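Engineer: If you want the building blocks of each chain, they are given just below.
Protein chains: 2
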Amino acid sequence: MAEPPAQDLLLAAAFVSDAQYNRNIPFKTSPEAVRLYYLYNHWMMRTATYFFIFLNLSLAMFEEPAVYPLPFLVTSVLEVLCLLVFLGRLAHFATVTLHSVFWKDTKNICIMVAILLSLTDLAIYGVLRVYGVRSIRWSRIVRPIFLINFAESRQIRRAFRSIRNTLPEITYVFLLFMFSLLMFSLMALKLFGERNLQTAEGLPYFRNYLEIVFDLYVLVTTANSPDVMMPAFDFSSWYALFFIAFVIVNTYIFMSLFLAVVYNNYKKHLKNEIRKLAYMKRRKMIEAFNLLKEEEGEQLVVREARWKQLVKLVAPDISNSHRELLLRISDNEQKGFVDKKSFVQLADLLNIQVVTLKLRSHPLARWVPRVYGSAASRLLRGLVRHRAFVWTYDAIILINAIFIALDEETPYISYAEWVFLALYITEILLKVYTYEPRAFFGKTQFWNWFDTLIIFAALTATILNATLKSTTKYNSQQILDIVFILRVLRLIRIVDSIQRFRVIMNTLINIVPTMLTFGGLTLVVYCVFAIIGMELFHGKIQFFPADSNAPHALECGNPALKDSLFARGKYCKNNFNDFASSFIVLMELTVVNQWHVFANGFANVTVQPAKLYFIAFHIVMVIIIVNIFVSFILEAFFVEYSLEKSEVETAIEQKIQELGMGVQEDELQDEQLLDNMESDEHELEGEGGAKPQPKGLVFKIASKTPFPLLRRPFCVPCPHLTTL
Amino acid sequence: MAEPPAQDLLLAAAFVSDAQYNRNIPFKTSPEAVRLYYLYNHWMMRTATYFFIFLNLSLAMFEEPAVYPLPFLVTSVLEVLCLLVFLGRLAHFATVTLHSVFWKDTKNICIMVAILLSLTDLAIYGVLRVYGVRSIRWSRIVRPIFLINFAESRQIRRAFRSIRNTLPEITYVFLLFMFSLLMFSLMALKLFGERNLQTAEGLPYFRNYLEIVFDLYVLVTTANSPDVMMPAFDFSSWYALFFIAFVIVNTYIFMSLFLAVVYNNYKKHLKNEIRKLAYMKRRKMIEAFNLLKEEEGEQLVVREARWKQLVKLVAPDISNSHRELLLRISDNEQKGFVDKKSFVQLADLLNIQVVTLKLRSHPLARWVPRVYGSAASRLLRGLVRHRAFVWTYDAIILINAIFIALDEETPYISYAEWVFLALYITEILLKVYTYEPRAFFGKTQFWNWFDTLIIFAALTATILNATLKSTTKYNSQQILDIVFILRVLRLIRIVDSIQRFRVIMNTLINIVPTMLTFGGLTLVVYCVFAIIGMELFHGKIQFFPADSNAPHALECGNPALKDSLFARGKYCKNNFNDFASSFIVLMELTVVNQWHVFANGFANVTVQPAKLYFIAFHIVMVIIIVNIFVSFILEAFFVEYSLEKSEVETAIEQKIQELGMGVQEDELQDEQLLDNMESDEHELEGEGGAKPQPKGLVFKIASKTPFPLLRRPFCVPCPHLTTL
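As they're listed, the protein sequences go chains X and A. Sequential numbering from 1 applies to the first sequence in full-length UniProt numbering. Sequential numbering from 1 applies to the second sequence in full-length UniProt numbering.
FYI, nobody ran anything at the bench for these hints, they're computed from the structure. A portion of the hints provided could be inaccurate.
[Unchecked claim] Below 27 Å or equal to it, Euclidean Cα-Cα: the simulated BS3-like pairs (lysine-lysine) are: (1) K271(A) with K268(X); (2) K335(A) with K271(A); (3) K107(A) with K340(A); (4) K276(X) with K341(X); (5) K267(X) with K341(A); (6) K267(X) with K268(A).
[Unchecked claim] Residues from chain A that keep clear of chain X, each with C-beta distances beyond 10 Å, as calculated: (7) L9; (8) S30; (9) L55; (10) V74; (11) T75; (12) Y131; (13) L259; (14) A401; (15) R500; (16) H552; (17) K570; (18) V592; (19) Q657.
The structure presented is a predicted model; accordingly, all values stated were derived computationally and were not measured. Just so it is clear, CB atoms sit at the ideal spot from N, CA and C, and this is done for glycine as well.
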């Protein structure tokens, strides 16, 4: 058989890459389409798409009502530009996928409809504007669709699918909960309605059924506890029992039940998704295998040379030795070819972060071996490696914390800041002198990066501030604030010195990517509600600075708010007058406390049914999204805490151990990672060798260290569930 | 071999009963001790113990500061009585257990020390009182120990053990959380400390480090959001970012992490407990087997007759046919004996609720067969069994709800109440006429019981009220309130008509026993905190009725509260002046909202460190106990929703099916259970027969119906985990 044409290899590499990143795009197999498909998946194209999606979303900041007003012409040109980019991206996608598939996919239809709606709305609004008629830019509400529906946002779509699947069950529990609420309200009406009681604000208490329902709904969220109970409780202590029963049934039991239903469905849905992904991955890998297979005796296999070419195409950035390791795992008996079963594993193998630790000597040892190897240098490096070095710096951090807490104005203390900065910089320099710099700033060395960035940022900001102060006698508030924050952030380092804290912190850092998906989800919900909120409440509530003498400054410029809790709480700056303010209000509503004050305030300045907006937000955001978030954290945490490894990870580890290139995990956890790398000091050329060097190279699976999840394309719980 | 003496059988029955109820008491095997052991486990003895435990706890209601004051002599005599009962119970326990075990058990030592402390304290307090010196009744704090440490409160002890096991891990997360809190506080001090900002109440804003820490701790609980942010936000919108970051890190991430850690440990701990219980159960069963075994060929077995005697002793209340069914399962091949393997299963078999449905004819059919069998009677019964009958009553309930919501004063409507009562009573009578009464009021017919009780209670209360009104022209408020509540509760029935709601309701009812354990846990924590709270804050805050003209009536009788949020919120009745009030305050603190107002209020009237009391309560109650409660509900819910059955349940079901006495579960769920029982109408003597009648008797496993869990001794998740 002849060498397969490069085209086959390219196509196979596209399949493997799809499998690796869990993409499920049925692309055409013509040479042209495959080349376009590579372009489509290029990181620059994807970054550009994200850039335009966020530009499109952030247009709300510049359109009226604007945080930073821009002329209508500018924002509309930008919007058209974004829409054209989306159209282009979609057209590009259409050229690489099969036609039948493209037109059946609701995602694509959604995007096209959204583009069409946006353009129509923009045109109508523009024309009306020319004639001086103001209309509503209702199409702004469809903008989050672009964030959800582009093929890149798989995670967000999955989260939405998970929500959609949970909805029926949530609905039943919600109806039962509403029934319970209505029943309790009826009881409250009968028990308290005719007592002529008054609230602390002197308003009639529990007189109107609908108001009781709202008040008790607020009590479920605990936001008006215990105020809502006090009038009845003052009248008779026995009435407290009614409220206790209410809180136990609705707040504790029903709210836990919501979490239980959401979590249960989330787990179930996750299992299904993983099963589907595993199936899809296998199918793609088999297609790749079929393209590259050759006969070897009875078997169909992929030969070593072609396998290597493929891996080079799919993962150009992994080291030679890493590739060699993967080959040794795939071709376990060194027969010079990879069979189907091992080949299918490749996508998973590529997904596992293997850190190649090169036991390279320090560059200084190569450049000035005499100096670096001298007794003084050895002593110094010994000191830096000693535990006491860490303790000394922990003590310095603690002293620093005390200095920060003390007053800034004493000149003594502001000099101390320079001393501390100098000490921290010395520490970093000493460490770089002692440890190999490339290892010190390795991909998984999160804390080293963190330290260095914080300290250099603090240095820059402090110098900038000092310069400004000495030249203009004026402290820039922004810079000073940043300096303060950086100074305090520096103290976080002390956490890293304590083993138990480090474990918890790593767990937290590991679930960050998962949380970003929820950032996206929240962004979508916030955008929709912010745009509706601005249409409903824009301009109804104004904020005036404390010294303003505008009419009704204390009532947020609206006499309807006189004596309201909203005005008394000085909440005037919480309004829907622009996109940023709306986001902050929605954030406060997500935190829940005092949301009824907001609801009542905004209902007072518009109409009473406006409360429905706030109830709807509470149901969507708190009952559904926050519960999904909590389920997410629970599941992610359990997976991080369970020490199970997936099959593939175990296979790699075995091979690493077999080849004698392993590093004991316990050693790595107890000691600093860097200590290991210094265990022997002879030189090696490292990079070049095709065969892995048993000495001088060590591998280690990085899954329990901070960063790999950023790469893992779906979600944290995967390794746990791959055996399904 | 001769008949074994009754002593062996008694001893074996004690072992089996221990295994069945998961008791782990190593009792002596002498005839006297076994008899005493039976007495010790008698339900009357246990009820009496609980009665005295709760009497002892409720003494706090009558001792100073009292809700209902009783003379010191009375309460102290009652306390001494309780302590003597406890001592007696302990002495009884000492006679049945082995000496070496008794003195090694911390539970017993705890009780003895607690009795000793209580008596000493009582004596000192009494003597001092005679001499007119007031001292603190500090020993009251040890009273909950009796609730925890008596052998009966296994569940509560398990919950405490679970908490104890979780503590180390929680502590680390808590320290990290505190570190984050301190860092953010430091940042807040630097960012806002020198801006001279003021809160909405005109107080200095974020000036003092400790106050910032407290304020931000309160923000974690969301109780002072968004108030704590507003001054900084009014100053510059950018500062909102600080608070958003704070809330995301501390409220969302750390609080979810607490739940995750608690839940994770809870699950782990649960598995261990179940494993231990299973081991203990097996050991007890083997001991029982060894007592009763006889040789049968090669095997050691228990013969049928003796097996039956044993089961009669252990479970005297199960029916003959049920016992026969168990025998058929244990002696599968009807060989006349039970082997070791099957014998060991007995404890589990007894724990599974098998409902024996007897297809008995209606008593009226026996007494007046002519009338009952007449065409009119048949038609009537047909109507009652028709679905339309249920729909009609649902409609009546809805109309009733509207009438309740309308005003009471119109005479028309108050007459309607009598009509509705009559309708409901008619419904119950018709149903009892149609269905067999003993089946209608069967153990598992929760809703029938509920309906009947509610309606007869309402009837009694309404008649009582009408009588009072017509004779004394005076509505008793208490009776009227009860009438109102009963009327509304009647409406709950409508939930039972909708299949989906019924499933959720059954799940909820099933986890009630689990929640009772948490009632006990909460009671212990509340008791301890209430007693401390009364010592700290007793009499500091007074409640005056609205029309009082006492000095400082508006400031709760304490000038230190002038202008405080506490006085402005009219919270004066929330005080620690007696046991009941303290409980209500603690309940409000558990709900969390406004707890900082309480903390500040009570700190103002005493000393600032008093806030620590409130922080401690928050940590213990909200961070630990409520999270355990949520874990409990989550786990219980998952188990109820997973349809898995334990091995033993499956075995029983198989046997029921084999014997042709099964009832299809789907039928049972879709139709009313009662409909099945009427499927054929011929008479049977039912009770007497030793062999189960293939017709006329049906069995059904009752684990998915409301009540069995009350019997299941450990907790809901057991069936799920028995395979471990």
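Engineer: It remains to establish, for every hint, whether it holds in the given structure.
Structural biologist: Here is what the structure says about each hint:
Using a Cα cut-off of 27 Å, the hinted pair K271(A) and K268(X) holds, with the two alpha carbons roughly 22 Å apart. Taking the CA atoms of K335(A) and K271(A), the gap is about 37 Å. The hint is violated against a cut of 27 Å. For the given pair, K107(A) sits about 34 Å from K340(A) by alpha-carbon distance, which is inconsistent with the 27 Å threshold. For the given pair, K276(X) sits about 19 Å from K341(X) by alpha-carbon distance, which is consistent with the 27 Å threshold.
With a C-alpha separation of about 37 Å, the suggested pairing of K267(X) with K341(A) is violated against the 27 Å cut-off. Distance hint between K267(X) and K268(A) is fulfilled; the C-alpha atoms sit about 19 Å from each other, no more than 27 Å. Its beta-carbon lying about 45 Å from the closest one in chain X, L9(A) satisfies the requirement of being farther than 10 Å from that chain. Even its closest Cβ contact with chain X, about 48 Å, leaves S30(A) beyond 10 Å, as expected for a residue assigned away from the interface.
Consistency note on L55(A): stated as away from chain X, and its beta-carbon is indeed over 10 Å from all of that chain's, at 21 Å minimum. Remark: the non-interface label on V74(A) is consistent with the geometry, its nearest Cβ contact in chain X lying 23 Å away (cut-off 10 Å). The non-interface label for T75(A) is consistent with chain X: the shortest C-beta to C-beta separation is roughly 21 Å, beyond 10 Å. With a minimum CB-CB distance of about 35 Å to chain X, Y131(A) clears the 10 Å threshold, and the non-interface call stands.
Against chain X, the non-interface label of L259(A) is violated: not every CB pair exceeds 10 Å, the least being about 7 Å. For A401(A), the shortest C-beta to C-beta distance to chain X comes to about 7 Å, within the 10 Å cut-off, and the non-interface label is violated. Interface exclusion of R500(A) from chain X breaks down, the closest Cβ pair being 5 Å apart, not more than 10 Å. The Cβ of H552(A) sits about 17 Å from the closest Cβ of chain X, beyond the 10 Å cut-off, so the non-interface label holds.
Consistency note on K570(A): stated as away from chain X, yet its beta-carbon is not over 10 Å from all of that chain's, at 5 Å minimum. Distance check on V592(A): its Cβ comes as close as 6 Å (rounded) to a Cβ of chain X, failing to clear the 10 Å threshold; non-interface status is violated. Here Q657(A) stays apart from chain X, with its beta-carbon at least about 29 Å from theirs, past the 10 Å limit.
Violated hints, in rising order: 2, 3, 5, 13, 14, 15, 17, 18; the structure is consistent with all others.
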